[in-house]
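Asker: Now for the letters of each chain:
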Amino acid sequence: MAKVKGSIIVDIEKCKGCEVCVPSCPTDVIRLAEDVNGKGYHYAYMENPDNCTGCANCAIVCPDGVITVYRKKVNK
Amino acid sequence: MAENVINKDIVKEENLVYKKTDLLTEKPLSYCPGCGHGTVHRLVMEVVEELEAQDKTVGVAPVGCSVLAYEFMDIDMQQAAHGRAPALATAIKRLFPENYVFTYQGDGDLAAIGTAETIHACNRGENITIIFVNNGIYGMTGGQMAPTTLPGMKSSTSPYGREVHSMGAPMKITELVAELPGTYYVTRQAVHTPAAARKAKKALKKAFENQKLQKGLSFVEIVSNCNSGWKMTPVQANQWMVDNMFPFYPLGDIKVPEE
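If you're matching them up, the sequences are chains A and B in order. Using this note's numbering, you'd call the opening residue of the first sequence number 1 and step up by one each time. Using this note's numbering, you'd call the opening residue of the second sequence number 77 and step up by one each time.
Note that these hints are calculated values from the structure, not bench results. Since we're looking at a predicted model, the values are computed, not measured. Incorrect hints may appear among the rest.
As the list claims (entries may be wrong) - Each computed EDC-like pair below joins lysine to aspartate or glutamate, with the alpha-carbon atoms no more than 16 Å apart: (1) A:5 x B:90; (2) B:132 x B:150; (3) B:281 x B:90; (4) A:39 x B:79; (5) A:5 x B:89; (6) A:72 x B:85; (7) A:73 x B:150; (8) A:3 x B:85; (9) B:282 x B:329; (10) A:72 x B:150; (11) A:72 x B:128; (12) B:103 x A:34; (13) B:96 x A:11.
As the list claims (entries may be wrong) - Rough simulated footprint, nothing fancy, chain B against chain A, three-plus residues with beta-carbon under 8 Å: (14) 19–27; (15) 38–50.
All residues carry an ideal CB built from backbone N, CA and C; glycine is no exception.
Please construct the entire structure, taking both the sequences and the accompanying hints into account.
Answerer: Written out as structure tokens, the structure is:
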């Protein structure tokens with residue numbers, strides 16, 4: 001069955017760690033990193049990359065527009 | 077140095093589904109983490125991109141947190157004196173009737189010092205779009221009470237909460253302008269969840285397209301958060317907004333053109 005897999009790229013230096021993307025993710029992929037970026041913010045990253053479906057919810061609510069979303073159909 | 081873990085199978089140009097529009101400049105936004113302004117900026121620019129109107133859109137920035145909107149939106153922008161954005165937008169629209177003209181204002185700008193300009197521009201039925209970001213507080217100057225502050229809501233100038241008998245009741249300016257004959261489309265939206273943001277984008281697009289119809293002013297209120305002013309984390313602020321702001325400022329269309 002064809003399955004959709006997604007991936008996000010976070011513009012780490014522009015992420016302000018507001019955490020709005022975390023509850024918006026329906027598959028619980030995103031977390032804030034323990035590391036900080038150059039401005040001292042905990043940036044968003046993919047904790048469970050295998051669950052990402054590329055729905056772009058996180059990118060749509062991101063106030064700073066730092067998330068880029070990719071999606072691909074894979075056969076399993 | 078932190079880096080993204082890139083899955084090279086998925087991250088390819090042909091698989092791209094969503095990316096920040098190029099109409100937003102590369103400058104990092106000056107807003108606090110989690111502020112709704114950034115989302116609204118992006119949605120407005122996405123609408124302009126979809127209308128292919130980058131070279132014929134003129135925005136008017138207000139005074140307030142979004143005073144630097146012209147730094148982030150890669151279109152022609154003006155910056156108006158405090159509250160006077162609808163008057164400036166009126167002039168621009170009358171001089172360039174073919175252009176899309178919008179104002180981007182906060183609640184202190186639109187509903188306090190600019191009440192006269194707002195109401196008269198709406199009453200004259202200028203063919204412009206007003207985008208009104210309502211967070212119930214003066215964010216930039218340090219969280220003072222605004223006309224839209226809710227009863228009982230604490231701000232730096234109402235530290236025990238807004239008392240209606242001495243400070244007046246909050247003003248629902250969106251309902252007010254909907255009563256005027258000059259407004260064509262009046263709606264209230266939010267951007268705190270993906271679904272709300274998608275709906276807000278549709279409303280913004282409709283508001284821009286209405287300018288071509290020459291039927292009057294389109295007014296889009298976005299109920300937003302001010303986590304710094306409300307002294308909450310962004311996620312808490314969004315929840316507080318759902319619990320407290322939405323009962324008083326219910327989302328949805330207030331005035332829809334008759335078909």
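Asker: Hints first: check each against the structure and report whether it holds.
Answerer: Now the hints, each set against the structure:
| no. | hint | in the structure |
| --- | --- | --- |
| 1 | A:5 x B:90 | 14 Å, holds |
| 2 | B:132 x B:150 | 12 Å, holds |
| 3 | B:281 x B:90 | 27 Å, violated |
| 4 | A:39 x B:79 | 15 Å, holds |
| 5 | A:5 x B:89 | 15 Å, holds |
| 6 | A:72 x B:85 | 8 Å, holds |
| 7 | A:73 x B:150 | 34 Å, violated |
| 8 | A:3 x B:85 | 14 Å, holds |
| 9 | B:282 x B:329 | 12 Å, holds |
| 10 | A:72 x B:150 | 31 Å, violated |
| 11 | A:72 x B:128 | 28 Å, violated |
| 12 | B:103 x A:34 | 25 Å, violated |
| 13 | B:96 x A:11 | 11 Å, holds |
| 14 | 19–27 | holds (count 5) |
| 15 | 38–50 | holds (count 5) |
When each numbered hint is compared with the structure, violations occur for hints 3, 7, 10, 11, 12.
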